[in-house]
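Generate coordinates for the entire structure from the input sequences, incorporating the hints supplied.
Chain order of the listed sequences is X and B. When you line the first sequence up against the numbering used here, it's residues 1 to 434, in that order. When you line the second sequence up against the numbering used here, it's residues 1 to 488, in that order.
There's no promise every hint is true.
What the hints assert, rightly or not - Pairwise CB distance ranges (calculated): (1) B:Asn398 - X:Phe19: 54 to 62 Å; (2) B:Asp300 - X:Val133: 50 to 58 Å; (3) X:Phe19 - B:Val12: 24 to 32 Å; (4) B:Cys486 - X:Pro295: 51 to 59 Å; (5) B:Asp70 - X:Asp257: 38 to 46 Å.
Unchecked claim - Under 10 Å between C-beta atoms, here's a sample of chain X residues computed to sit facing chain B: (6) Ala220; (7) Ala275; (8) Gly280; (9) Leu323; (10) Met342.
Stated by the list, open to error - If we take Cβ atoms under 7 Å as the criterion, some of the chain X residues that face chain B in the derived model are: (11) Phe119; (12) Gly211; (13) Leu215; (14) Ala219; (15) Ile312; (16) Ala333; (17) Ile364.
These are computed hints drawn from the structure, not numbers from a lab. Where a beta carbon is used, it is the ideal one built from N, C-alpha and C, also for glycine.
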Amino acid sequence: MFKLRHAKAAGALGTVFLFVFLAFALLVFSEDVPRPEALLFGGILILLILLAYCILLIAAPHADKLLMLAVFFLSALGMVLQYRLSSETALRQLMMFSAGLVTMFVMLLFMRSPRFFRFMSIPMGVISIGILVALLFIGKESGGAKNWISIGGILFQPSEFVKVALVFILADAMSDHTHLNELIPMFLFVGIVTVLLVLQRDLGAAMLMIGSFLLVFFAATSNIRATVTAILIGAVGAFASYHLFDHVQARVAIWQDPWATYSTSGYQIAQGLMAMASGGLWGLGLGQGSPKSIPAYHTDYVFAVICEEFGILFAIAVIVLYLLLVVRGILIALNAKDRFSMLTAFGASALLGMQTFVIIGGVIKLIPLTGITMPFVSYGGSSMIACMALVGILQGVAGRSGAAVDAELLAMETEDEEDRGSELPDAENEGDDL
Amino acid sequence: MNTRRNIKGMLVVFIALFLLLAVYLVYIIGAYGAYWFSSPYNTRVRERQNTVLAGDIYDRNGIILAYTDDDGSRFYSADRDVRLATAHVIGDNTGQTLGAEALFSKYLLGFEQDIGARLAQLLENKQQKGADITLTVDAALCAYARSLLGDKSGAVFVMNYKTGEVLINTSSPEFDPQRMTDYASGNYNLADGSMVNRATMGRYTPGSVFKIVTAVAALRHIPGVEERSFHCDGALVFDKKSGTLVEGMDPYDGDGNVNAEYAVLSDHDQSVHGTLTLQEAFIHSCNHVFAELALEVGKDNMKKTAESLGFNGEYLFDELVAYCGMYDPGETDFNLAWSGVGQDTDIVTPVQMTLLAAAAANDGIAMQPKLLKSVHGTENTSYRTVQPEEYQTLLKGNEAAFLKRSMLGVVESGTGKKAAVEGLSVAGKTGTAEISSSGEILPHAWFTGFIDSDAHPYAITVIVERGGGGGTVAAPIAGEILAACCKK
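If you want it as structure tokens, here you go:
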């Protein structure tokens with residue numbers, strides 16, 4: 001069983017490497033002067049991924065390989081795009097990716113004893129609120145939101161780390177209690193964090209927190225009435241902020257018609273739309289587009305760059321890859337051995353899923369745009385490390401669930417996928433060495 | 001366990017959300033991509049012009065309309081009449097208009113070229129050249145149609161109602177695509193709105209050509225309306241304050257002027273048509289009957305019918321940027337009655353009227369207007385040819401049949417007699433759109449119609465701004481253009 005899955009994973013890993021190699025080979029010629037060092041960069045990236053994969057196999061043999069491969073591919077795609085846009089940012093992104101991998105392994109190890117995180121729940125909550133309050137005074141503004149903090153010359157985005165804390169705090173609070181009265185401290189925490197984020201004009205992060213909170217709350221308590229009430233409160237809050245804040249009104253207006261305000265507030269969305277339209281089905285080709293005309297092309301708007309240079313079909317493949325990531329994450333939650341693990345795994349998956357939906361939906365004009373990063377692909381250290389921490393949580397839970405979980409997963413896959421069913425007639429065969 | 005069940009539910013929600021992302025991405029790029037790409041703001045197109053030689057543009061008969069010389073300068077037809085008559089449909093290469101230059105820049109500038117063609121050009125060390133394209137328009141016919149408009153503003157639009165190919169699209173006043181830099185620098189002043197393609201984007205009061213819509217509404221919502229007889233005794237009278245219909249009241253004072261308390265709806269020439277059927281009312285363009293029909297159909301159904309015919313919506317054609325009309329029945333009877341005869345706040349575009357006439361001619365089916373006949377590869381192979389495509393079934397069979405009969409009647413014995421062409425069965429509807437209440441400004445003259453023939457399946461709309469009566473000014477122009485189209 002292990003051998004079979006391992007063999008398949010190796011094939012997929014090879015595909016990732018082939019993509020990285022071909023992309024960086026092309027990137028050698030993407031600018032006027034050839035950049036042979038691109039191949040070196042690609043090589044380092046391949047080695048780094050290979051190393052991380054081997055460590056994962058040793059540290060957690062039951063970790064979810066498909067999930068890991070999806071994360072590797074998305075991160076590699078991010079690095080390819082960053083290198084295409086600027087080799088310096090790509091180098092920094094590579095360092096952040098390494099730091100992210102380290103974070104992932106640390107989280108994975110800590111998740112072996114969930115008690116640690118449960119014990120840390122209250123301190124994390126206090127620290128989160130403390131940082132967010134401090135941001136109001138010492139925060140640096142960027143892109144309309146005052147959500148950056150500078151420590152020793154390095155810029156951090158604390159809301160990214162608050163997201164990870166939120167996953168633990170929600171899971172901890174709702175592992176033992178499901179009655180509303182017992183959950184008041186958690187409600188307070190979520191409420192305060194949201195208000196602070198809105199005050200910093202970090203609407204994207206606020207939306208993510210509330211959304212993930214609602215999903216985990218509903219999953220844990222099955223309390224439809226309270227969930228609907230919370231949604232209503234959120235709707236009233238959204239309505240109020242629409243009328244209170246000009247920038248929220250502007251967001252909605254440019255969502256409805258970015259062309260009307262092309263020269264001012266609609267510029268970014270309109271540029272993104274033109275970039276996507278220019279790519280068409282197959283894309284203009286790596287290095288052939290003009291993505292730098294889009295503001296935030298390497299961070300929030302990286303999906304438009306993908307559409308422009310790689311085309312709609314590839315972009316859909318990216319969406320499917322994110323879906324795979326979320327589905328694997330939720331399957332990990334479903335197979336978790338204890339309630340805390342289940343809720344953390346679900347919270348982490350929900351966060352990643354929401355974040356992906358909100359930013360891609362914003363870029364393609366399905367929903368109003370809020371400035372958040374696209375997990376693993378966007379440039380940004382805080383985002384990369386926070387997302388990798390979430391993956392660490394998922395892999396930790398998956399690893400703990402052990403061989404029994406593997407068996408369950410396989411049974412589900414055989415139900416879902418007929419082609420696999422033919423190779424594995426039924427779950428009892430899993431022990432056979434295929 | 002409930003939590004597990006809930007999480008499974010969320011799994012389904014996430015799968016649905018991500019599918020929505022993928023589907024919406026495909027939809028929005030499919031529906032709007034071409035427009036966004038050809039947007040004047042898209043710097044990619046302008047940047048390409050510096051590195052790629054744009055391809056040539058030909059008309060359907062192979063007459064060259066635009067080409068690039070070896071220095072990269074863009075030239076348009078040397079024949080001034082042709083150049084001006086096709087200016088709007090060809091557009092310009094500075095991104096100021098939405099013609100073929102902008103819409104098909106992905107071909108002209110080689111965005112769509114496959115890697116083989118690019119490599120071949122690279123190996124031969126030639127500058128990259130985009131693909132040549134052939135349009136569906138006939139340049140000579142455009143110039144002829146333009147000449148018939150004379151010094152009046154207006155537009156002519158002709159399309160093949162079986163294939164959707166646009167044969168004529170000309171608009172007056174025009175600009176000279178060869179002088180775009182002069183316009184931009186302000187060295188040469190252009191009349192306002194000269195760069196607007198009036199055939200596709202000109203928003204006009206329709207006048208009586210709108211009766212096509214009211215007739216369809218009546219057929220749809222009044223059972224047995226074709227068998228009924230109507231009585232036209234001149235003006236319909238409304239209370240001026242409330243706008244409600246007042247029956248059996250003589251609105252005129254001793255001198256023949258309308259009393260201050262009343263407002264009337266009458267025909268342009270105050271004619272009284274007596275007793276007539278729906279078809280006769282259509283043929284003689286009786287305002288009285290059509291106003292009554294609008295009142296009987298009612299606000300909601302009038303609006304519903306108009307919207308089913310493309311009003312208040314958005315045209316998303318693949319190869320043409322076009323606006324649709326607006327219809328609002330208003331608040332009072334007075335508004336509703338006038339809206340039923342194409343006045344009040346009614347707005348249409350020539351392309352929309354052509355689509356309605358085309359649907360009447362083609363069993364209710366409107367073909368999607370097509371402008372691109374073919375794209376030529378580097379080895380002179382055309383790799384993309386026009387494919388007729390249904391746009392929408394606008395009319396039911398009986399509605400199309402009624403309109404065809406009635407529109408033939410208009411040219412045979414009604415208001416559109418001057419559109420008749422020897423040997424062709426021309427059908428149509430005239431319109432005389434009042435644009436000022438004082439009558440100081442001449443009305444817009446409309447004719448929209450088609451030739452009922454499999455050999456010459458052309459639908460046409462002619463609008464002459466401030467031209468006068470539709471039957472006297474627009475109908476004869478339409479007749480001459482249709483005759484010219486069939487000689488080809």
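Consistency of the hints with the structure:
1. B:Asn398 - X:Phe19: 54 to 62 Å: Given about 59 Å between the Cβ atoms, the range holds.
2. B:Asp300 - X:Val133: 50 to 58 Å: 56 Å, holds
3. X:Phe19 - B:Val12: 24 to 32 Å: 30 Å, holds
4. B:Cys486 - X:Pro295: 51 to 59 Å: 55 Å, holds
5. B:Asp70 - X:Asp257: 38 to 46 Å: 42 Å, holds
6. Ala220: 6 Å, holds
7. Ala275: 8 Å, holds
8. Gly280: 7 Å, holds
9. Leu323: 4 Å, holds
10. Met342: With Cβ-Cβ at 7 Å, under 10 Å, it holds.
11. Phe119: 22 Å, violated
12. Gly211: With a closest approach of 11 Å, the Gly211 (chain X) hint is violated.
13. Leu215: OK, holds: Leu215 (chain X) within 7 Å of chain B, min 6 Å.
14. Ala219: 4 Å, holds
15. Ile312: Since chain B brings a Cβ to about 6 Å from Ile312 (chain X), closer than 7 Å, the hint holds.
16. Ala333: 6 Å, holds
17. Ile364: Constraint on Ile364 (chain X) satisfied, holds at 5 Å.
In summary, the numbered hints that this structure violates are 11, 12.
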